[in-house]
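For the record, the sequence lines run as chains A and B. Here our numbering is used: the first residue of the first sequence is 9, the next is one more, and so on. Here our numbering is used: the first residue of the second sequence is 33, the next is one more, and so on.
In case anyone wonders, no lab produced these hints; they're calculated from the structure. One should not assume that every hint holds.
[As the list claims (entries may be wrong)] A short, non-exhaustive set of chain A residues, derived as facing chain B with CB atoms under 7 Å: (1) A188; (2) P189; (3) F190; (4) V191; (5) K192; (6) F196; (7) G197; (8) A198; (9) I219; (10) L221; (11) G222; (12) A229; (13) F350; (14) M360; (15) L361.
Every residue, glycine too, gets a C-beta built ideally from N, C-alpha and C.
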Amino acid sequence: LKAADTGIGPGHRPSAWLRANLWLHRWCSLLATLPFLILCLTGTVLIFHKEIDVALGVVPTAQSLDGAAHRPLAESVNAALAAYPGERVAMLGIDAQHYPGVLLVGMTAEGTHELEHMKNRFTELATASLRSGRGDGITLTGFLLELHGQWFMGVVGELLGALIALLVVLSLVSGLVVYAPFVKKVAFGALRRGKSPRLRQLDLHNFIGAIVLGWALVVSATGFLLGFGTLVTGVWSQGALAQIQLHYGGAPVDPLRPPVNADQAYQAALAAMPQGWTVSSIIFPGTAYSTDRHYTVLANGSGLDEKLFRVALVDGADGRVVAVLVPPWYMKAILVSQPLHFGDYGGLPLKMLWTLCTWLTLFITANGAWLWWDRRRGHRRHSLSNAEVSP
Amino acid sequence: MTGGRALWLIACLAFLCMVGIAGMLLADGMLDVFFFLLAAAPLGAGLACRWHMRTGAVETVAPRPSAEGQALLPVREQWWWGRLSLPAKIFLAVVTALLVVALLVLVLPMKAHPVGPFVPTQSEQAELDLYRQPEAWFIERLAAPRIVVAGDALDAKFQYLAEQRGNSTNAT
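Construct the complete structure from the given sequences, taking the supplied hints into account.
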């Protein structure tokens with residue numbers, strides 16, 4: 009994009025403010041173009057990750073219990089331990105809304121503290137029997153999520169993602185500033201025909217950019233916050249867990265079979281939560297997100313509280329709830345960012361809207377890069393022809 | 033629409049979209065639909081604007097400034113709704129109303145609360161117990177010989193129920 013594209017007449021020199029924004033818009037966009045194209049493509053698939061996982065059998069389906077009693081969680085734990093010797097249960101996950109009747113059993117190698125290489129196994133809540141799923145290998149959505157969120161580089165990749173998101177935010181805001189003088193001459197929504205393909209592409213770029221501005225700002229700003237997700241969660245949990253360990257620490261419990269079983273930890277944590285809250289995850293003692301003695305139990309409410317969990321630390325030796333932690337505001341911001349970024353918190357209409365906006369953004373990213381390349385090509389041709397004429 | 037007004041429109045649409053996206057996360061039921069419409073408002077406005085341009089109801093490019101750099105002349109605009117004939121207005125209003133009703137119809141059943149497990153009354157339970165009897169039980173209790181239709185014996189349960197119904201009708 010050049011100053012001439014903004015609709016400023018030949019006799020007018022653009023202000024320093026406008027030129028700065030032009031520069032910012034051009035270079036932020038160009039730097040982000042290739043990664044952003046990948047993000048748009050992978051993001052489109054990830055919008056439908058639940059449907060894809062179900063279709064590919066990543067998560068087995070089971071009859072919903074609809075509030076009826078399920079078999080003790082400890083039975084599922086025992087079944088998993090018996091089926092996979094040499095491994096330990098690191099966490100249990102219950103998502104009655106999206107995966108009804110199924111218990112996620114996350115397993116790692118014995119003696120491992122990290123959850124990064126956790127393998128997902130599933131049991132049926134009604135029978136506590138293992139169900140086959142494809143969650144323990146590399147799944148399509150898992151692969152794409154790793155590419156989308158971490159660029160296969162872990163925390164460094166997440167920070168890189170945050171940088172790309174920041175570039176996109178800057179590009180959007182500077183784009184609006186650059187658009188201001190342009191819209192004085194060409195009405196909003198006008199696509200000029202017949203002059204040159206470049207002009208039409210420029211009009212399309214401006215028009216589509218204007219209508220997806222709000223959506224793109226939300227998605228890129230939340231993407232920026234999510235880029236700090238693992239880092240912030242790690243720092244916060246380590247700080248909080250270190251304090252718990254300091255105040256309530258004691259002899260470590262056997263992480264394979266703690267004296268207090270998962271059902272007792274579940275009940276103790278539920279009793280400590282407000283009415284109507286449900287337990288979504290139980291992390292066993294001896295992981296990066298729990299102490300060597302305490303279970304970390306995550307619980308969610310309904311509405312906005314569904315996204316903002318609370319954490320109960322349950323003593324693995326005597327079943328006491330030693331602390332209930334409410335995430336700080338910056339953690340809450342990151343937690344709320346996740347659904348707002350992926351658009352997976354509503355039904356099919358919301359997912360369709362997200363897909364449409366993603367594709368429109370994909371288009372303006374590619375066409376913006378083409379506009380820049382086309383102008384450079386034009387300049388090169390112009391200087392070549394000048395060189396031929398001048399001698 | 034050009035100039036400051038267009039910029040305001042774009043900023044307002046972006047803001048509405050952001051409110052809609054955040055609102056959907058917080059709201060349930062009909063409010064969810066309202067916020068969804070807000071989130072989709074910029075796309076809707078864009079489509080309306082394009083359609084408006086195609087009908088040629090507005091000048092899309094402002095006149096060129098003169099060499100002396102005179103200020104740009106205001107662009108003549110006419111609100112697209114005003115250019116429509118009355119039947120066209122009625123047609124559009126009806127289509128919009130139908131779309132809204134269709135959305136409501138789609139959303140309302142989704143919000144219906146699931147019914148609890150079926151608990152039969154005493155008479156319903158007796159009826160269920162009767163229907164669960166094996167075929168031999170019905171054959172034993174038939175008042176008349178098995179009815180044969182086109183070479184096939186009529187289902188014993190069906191014949192038994194027909195006999196019972198006939199008896200009760202006769203008694204009446």
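Structure-based check of each hint:
Taking 7 Å as the C-beta cut-off, the interface hint given for A188 (chain A) holds, the closest approach to chain B being about 6 Å. Taking 7 Å as the C-beta cut-off, the interface hint given for P189 (chain A) is violated, the closest approach to chain B being about 10 Å. Restraint check, F190 (chain A) versus chain B: the minimum CB separation of about 10 Å is more than 7 Å; hint violated. At its closest, the beta carbon of V191 (chain A) sits 5 Å from a beta carbon of chain B; the interface hint therefore holds under the 7 Å criterion.
Interface restraint check for K192 (chain A): the shortest CB-CB distance to chain B comes to about 5 Å, inside 7 Å, so the restraint holds. A hinted interface residue such as F196 (chain A) counts as satisfied when its beta carbon comes closer than 7 Å to some beta carbon of chain B; here the least separation is about 4 Å, so the hint holds. A distance limit of 7 Å between C-beta atoms decides the matter here; for G197 (chain A) the minimum to chain B is near 3 Å, and the interface restraint holds. Taking 7 Å as the C-beta contact cut-off toward chain B, the hint placing A198 (chain A) at the interface holds, the least distance being around 3 Å.
A distance limit of 7 Å between C-beta atoms decides the matter here; for I219 (chain A) the minimum to chain B is near 4 Å, and the interface restraint holds. Restraint check, L221 (chain A) versus chain B: the minimum CB separation of about 4 Å is within 7 Å; hint holds. Look at G222 (chain A): its Cβ gets to within about 3 Å of chain B, closer than 7 Å, so that hint holds up. Against a cut-off of 7 Å between C-beta atoms, the interface hint on A229 (chain A) is violated, since the closest Cβ of chain B lies about 9 Å away.
With a cut of 7 Å, the hint placing F350 (chain A) at the interface with chain B is violated, because the nearest CB-to-CB distance is about 12 Å. Interface restraint check for M360 (chain A): the shortest CB-CB distance to chain B comes to about 10 Å, outside 7 Å, so the restraint is violated. A hinted interface residue such as L361 (chain A) counts as satisfied when its beta carbon comes closer than 7 Å to some beta carbon of chain B; here the least separation is about 6 Å, so the hint holds.
The structure is inconsistent with the numbered hints 2, 3, 12, 13, 14, although it conforms to all the rest.
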